[in-house]
Amino acid sequence: NAGVTQTPKFRILKIGQSMTLQCTQDMNHNYMYWYRQDPGMGLKLIYYSVGAGITDKGEVPNGYNVSRSTTEDFPLRLELAAPSQTSVYFCASSYPTGLAGYEQYFGPGTRLTVT
Amino acid sequence: DQQVKQNSPSLSVQEGRISILNCDYTNSMFDYFLWYKKYPAEGPTFLISISSIKDKNEDGRFTVFLNKSAKHLSLHIVPSQPGDSAVYFCAASAGTGGFKTIFGAGTRLFVKA
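If you read the protein sequences in the order shown, they are chains E and Y.
Quick note, my numbering runs 132 ahead of the 1-based positions in the first sequence.
Quick note, my numbering runs 10 ahead of the 1-based positions in the second sequence.
A portion of the hints provided could be inaccurate.
[Claimed, not checked] Quick list of the computed label-pair ranges, beta carbon to beta carbon:
(1) E:158 x Y:52: 31 to 37 Å
(2) E:195 x Y:24: 41 to 47 Å
(3) E:140 x Y:55: 20 to 26 Å
Read the hints as simulated data drawn from the structure, not as lab findings.
Owing to the predicted nature of the structure, the values given are computational and were not obtained by experimental measurement.
All residues carry an ideal CB built from backbone N, CA and C; glycine is no exception.
With the hints as constraints, model all of the structure from the sequences given.
Next up, the structure:
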């Protein structure tokens with residue numbers, strides 16, 4: 133199992149450009165998430181999905197879009213990149229198991245700089 | 011409004027001694043708590059968790075304690091090892107699904123050999 137994979141690892145964007153961050157998991161997890169982590173801060177939830185075709189906003193969704201056409205893939209789209217979107221982005225997945233908990237499996241992250 | 015707070019940005023401990031990482035929360039609806047460990051240039055990895063119906067959970071060198079009345083939890087690492095040097099995130103979840111998980115800002119642990 134590769135777990136959760138993310139591409140690219142690093143990216144520099146100019147203000148106003150667009151890009152898609154890719155995320156794939158091979159654990160057949162229903163739930164997938166996108167977080168951003170700013171320096172000295174915890175992870176903030178951008179969007180999440182509870183299954184193919186179902187997505188919803190998290191805490192900080194502005195400036196982002198997502199889609200979930202398959203169980204495995206959950207791409208994050210940035211339209212009109214802004215310097216405030218400079219951050220490290222983590223994709224995660226989980227299969228909620230009731231009392232066993234909701235631990236999430238994270239990808240290695242994408243470091244994005246917008247200048 | 012930080013619902014999950016880790017007030018110590020960093021902690022330094024001698025190898026072999028106990029590391030205690032603390033976490034406070036404000037939302038009484040949280041019913042599941044988790045600790046994640048993160049090395050540089052990697053994603054967080056799940057370490058240990060505890061349900062709100064328990065007050066202690068142990069896994070090898072790692073023990074998590076939950077004090078619901080104080081809305082406080084702590085992670086104990088005994089004995090600490092240099093490989094434990096990482097950033098530790100406390101997280102809390104309310105309800106099913108886990109998508110309401112709130113993360114603290116993290117505590118960087120340094121274990122000195």
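Quick rundown of the hints versus the structure:
no.	hint	verdict
1	E:158 x Y:52: 31 to 37 Å	violated, 18 Å
2	E:195 x Y:24: 41 to 47 Å	holds, 45 Å
3	E:140 x Y:55: 20 to 26 Å	holds, 21 Å
Figure legend: structure checked against the earlier numbered hints; the only hint not met is number 1.
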